[in-house]
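From first to last, the protein sequence lines are chains A and B. Per the numbering used here, residue -17 is the first one in the first sequence, and the count goes up by one each step. Per the numbering used here, residue 510 is the first one in the second sequence, and the count goes up by one each step.
It should be emphasised that the hints constitute simulated quantities derived from the structure, not laboratory data. Take these hints with a grain of salt, some might be off.
Each computed DSSO-like pair below joins lysine-lysine, with the alpha-carbon atoms no more than 27 angstroms apart [claimed, not checked]: (1) A:K27 to B:K748; (2) A:K53 to B:K922; (3) A:K0 to B:K748; (4) B:K771 to A:K50; (5) B:K738 to A:K53; (6) A:K50 to B:K657; (7) B:K526 to B:K715; (8) A:K27 to B:K981; (9) B:K538 to B:K516; (10) B:K657 to B:K644; (11) A:K27 to A:K53; (12) B:K987 to A:K50; (13) B:K1113 to B:K558; (14) A:K27 to B:K731.
Computed from a predicted structure; not experimentally measured.
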Amino acid sequence: MSVTVEFLSVFPDLRGGKRTFSVKPAALGKIMDQLEDRIPGLKEKLVNQEGEIHPAYVVILTRGEVQKLLKDVACQVKDGDEIIVLPVISGG
Amino acid sequence: MYGYHGKILKVDLTQRKIYEETFDEEFAKKYIGGAGFGFRWLYDTLPAKTDPLSPENKLIFATGPLCSISFLGSTGISVATKSPLTGLIADSDMRGRMGGALKATGYDALILEGKSSEPVYLQVTEHAVDIIEAKELWRKDIKETQEKILSKINDGKTVVASIGIAGENLVKYAAIASDLRNFAGRGGTGAVMGSKNLKAIVIRGKLKTPVADAERIKTLIKEVNYLIKTDGSCDTLSKYGTWNTIGPANFKGILPTKNFQKTTFEYIDKIDGDAMLNSIWVGKRTCPGCAIGCRHVVKIEKPYSVSPDLEGPQYESVAALGPLLFNADPVTIAKANELCNLYGMDTISTGVIISFVMECIDRGVLTEDDLGFNLKWGEGEGILRAIETIAHREGIGDILAEGVKFASKKIGKGSENWAMCVKGSEVPMHDPRGKKGMGLAYATALKGADHESSMHDEAFERENVLPDLGLKESMSRKQFGGKPFLVKTLQDYWGIMSDVLTICKFPMIPPRPLTPARLVKLLNLVTGWNFTIEEFLKTGERIFNLGRLFAAREGISRSDDTLPRRFAEVLSEGGSAGENFDQDNLQKMLDEYYHLRGWDNEGKPYPETLKKLGLEVD
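Bound-form chain B, shown alone (with noise of 0.2 angstroms):
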């Protein structure tokens, strides 16, 4: 096989039993790597209503095969697990280097079950597998402990992958994070791995993967690369970053102002895109192989230190603790974001609480005295202090540390209208009121309210945006029509198939050049084998039903693929006035959408689906 070795590692933490298993090519071709592995496996595995924090849980870090190369961040990695915050798979798609160090030590795939008795790290090279004692990194945040680690090895190849303090918590939206600025952000990926006791995983490998066409697939490589550089289409990403959605999502009335009671921003010339760059930006980094460069490097020295070694805030990161809790101090969202990061926790979810908490105290639901500090909108002190009360469980933080959904259920008193989550997954920055494909996606999105599940309705304002696709009619954002089929397309294409592949999604946005075509043809260029885009679309169709497989093994049907309340109500102002989205419409999106994807009423793939998708079910 060409981009695999077709091994797996598997490691029992309780037993400390460490062992492999192989795969054939079959099974490769039929799942390709990353989320399609982690998906089949978890569902093969994984008995419903299995304790997500139990030790019967599985951590799955999934390569795929373009791995085995270094292109527009290929060498990230998958991470799926059964999620704590919401009980159905979340599959985190980590960038960086972790997926190229993994293959390089001669395995697919890592699978840990089990729970250490006390916690560990663990250790993988091409020559051994090692548990090793960590209770000298227990309660150190992100940084001390992957700086810790590398002191006794620093040789600049060696990937560390660890959690916070927050994941030793059990905060259910606690991440994972390698080389420090890599997130398996969402879902809760490192509340598991704190489950486990386990506190990190360092990878060390220098195995080469073989590649089928070597030489061609430097040459498509070559080809993207040149487009990224002069077609035009990258230019404010690469300048920006994620930053250039700031601004423009306030001028279309998407950007979520105070927990999404309102989507345009008074103070957005103190955080937009240009705001930043003149701010806290000193530079930016590239995710390895990569030609455009979005990542951003900020340094503050007063009134708070946020160092350059990690992460800056991306778009979503700006948004969740900028206008969400009515923020407009770029200082402020970057010690925040750096604190989630030390601590370990997904910046999205934890804006949104805090903007949850932040409406309550505003209605009366709740008091200061109850949180025991000062918590009002806009205020940066109470915002870091929320972050460290969720971070180490303390007082209402313990609550929490449990996500919306539950804290919601908790204080009660009517807060679930403004809990703003769906299947327990807390909503991105982008208010579906103002695009309505992204409101269909977060409502069936496999792992509740996700924004890279399916591609954004602005880019789909053009016709002929991706006829290999069959998406050739132009649509504006704010129409309900035809987004059933844009959806369920995007969903297997984008949503999918980048999360199998390991690659970043961003290239792959039009008018943006790594189209389908390329996709599949550097797919075929690394593997082999003769893919064409309809294979690879339905390769992404058949593990997106696997999926809602697992979904409504768990017992998720219709009434749960839907949306907050909040979003029924009519925005009053900006870009996006006058638009709602109701019930009514999400039905009949539902009824289309579920005839496309071949489901029942409820929402359930039928027999002769799984049949024609060659999916083969107990």
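So that you can see chain A by itself, here it is in the shape it has in the complex (with noise of 0.2 angstroms):
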């Protein structure tokens, strides 16, 4: 039972240089609260005082080929499914 996180180019030295991290499925709230323990700092960069995600950061679900965006803590990541972290804004 386990889900995959992965940092897109977010966070380098919050994470050491590791990208991807194994968590127990959960509510998106309760990952962070595992990731924390691994990450310090990552919750208060990512998350605000009302939940949601930070709106210079995008959380993607993927399950399957389904791929959603994951807007605040309350949504809930299964088994199996995968969340990519990365920075809202593109363009060189």
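Starting from two chains that each stand alone, build the complex the way the hints lay out.
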């Protein structure tokens, strides 16, 4: 029972160079709590006081071929899901 | 006037005539500066069908009122001319210090015309303007040129802008560089400078430009800088620079790979943001007055030497010299970028041309014998050799130096099908099949395919992103609906007005803190005016329409507002699998876009649209 969380070009200093983390399925808020133990300071950067994702970032859940944006900490994440965290903005 | 001197420096290189003209506040309020000035002067003085490389073409360096201060790169400059690549206006936004330096000589703009009979450079100070013989600088690359000039001055304040060998050789996508690292990259401004036998422009000044409310400007700058440092919106840009886009672009399936044949790259882990930071990155630089600092310093010793004195590759260059060519080697990417910088060539156009040739070889339309060297997907030596060949116009390089549109016509055999350009401008590194607004922006941009003409779709997948501009509803990057209004609004605001104000585009992208309200407030504090956001937007619309009138006069119409055929093909893999950009949807978008703009069915502004915008034309 696990969920993979991958960080794409975000928080390199916090995560110490590691890109991918494995956590237990739960609501996104609980997943953030699990990650916070291994990436101290992450939650403060990624989630605001209202429990919404910071507008500078995007959290995308991938389930099979389906992708959807996760907008707040209440979103449920299931076994086998993948979560990608990336910056909202692109453009060179 | 606050924020202006009201003076233009004009130099006729044929007659070696140097003179000044003035403009009044009414003109300044209407066109503000930078690209606004450039568009107006080009429209008024260049008859239709003027040869861009003839002495009649103008090369315009124009400042904006924000060049009077130093904030978020506002000391940059707009370079405008008729593009030899597209025949349209090339308005290239050059960051760095040149705008501030020109302002400090007492001029708001420099207009060059004519052609010197021999190589020269121009020196401008607040005391004198001189045309100086430059034979010893000819055939020198950009680094050698600028170092040689500065060795005689060395005061730390002089700004030198120059062309390299590509500009001398009239490569149609040659660039101009200032302070080695700031490029007017797109559209061939460097070729126009080369056609005038002008190797460099040297600027040194100490004059201050009066501003209306210096104290409140300081307060506003402090407020924005505080937000940049604390609100988290600029953190990844500050850490990764534009490399923050590489991995995400691949994930979303919009990273052009193998000449746009696909949009995901198998070896992305070797060149994404983390990989670049861990391989070739040694530090970062900032533009004047910028609290973000997104520019890369790279240093490599083996197998190629890459100097930290020049600019490291930004996202567009990494993508164009990397995945587009199926190249997964950060060292080769950095070296190719350095060569383009030294010769003074746009990296986007260069990458697209080389990938076009690689596909020609794949399809048997060209052979390596035709080239005289080996050129295979992902092989660094061939890529570097191809750049040399183009810069020097050797062999087939003479054709490739003309741009992909020309090259595909010359080579024929169906190669037009994989010549990735719009109106002759090579397509930047964002596949529009995965971001439909960008596709419409490419099709309608004033200078051909341009990724900086409109903000990118991803920023608008939330609600209330830019409510001041009427952009409140969220929309998927993949949807067509709603995009005509989005693109029209953002072309007028972000695409045009940042180039008019010569300020960096990046801090304007939401959720970053340089909001429309703050930007308009800053303009008012510098000039003493009372612009509203609506008037500010209307100014952008006025200038955009002027650019469209210029294009229409050159023969551009609806059939030119299009995309390469390849984008109608459905993507089969990656984050944009199943997506395409077909002609039916493009035509529907154009209908709505033209209607919103007040243009006729062929894309020409109606007279009442021009009247509403206060745009007087012949």
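These are the hints, each one checked on the structure:
no.: 1; hint: A:K27 to B:K748; result: holds, 14 angstroms
no.: 2; hint: A:K53 to B:K922; result: violated, 50 angstroms
no.: 3; hint: A:K0 to B:K748; result: holds, 16 angstroms
no.: 4; hint: B:K771 to A:K50; result: holds, 23 angstroms
no.: 5; hint: B:K738 to A:K53; result: holds, 24 angstroms
no.: 6; hint: A:K50 to B:K657; result: violated, 56 angstroms
no.: 7; hint: B:K526 to B:K715; result: holds, 24 angstroms
no.: 8; hint: A:K27 to B:K981; result: holds, 25 angstroms
no.: 9; hint: B:K538 to B:K516; result: holds, 15 angstroms
no.: 10; hint: B:K657 to B:K644; result: holds, 12 angstroms
no.: 11; hint: A:K27 to A:K53; result: holds, 15 angstroms
no.: 12; hint: B:K987 to A:K50; result: holds, 13 angstroms
no.: 13; hint: B:K1113 to B:K558; result: holds, 18 angstroms
no.: 14; hint: A:K27 to B:K731; result: holds, 22 angstroms
Hint violations for this structure: numbers 2, 6, all remaining hints satisfied.
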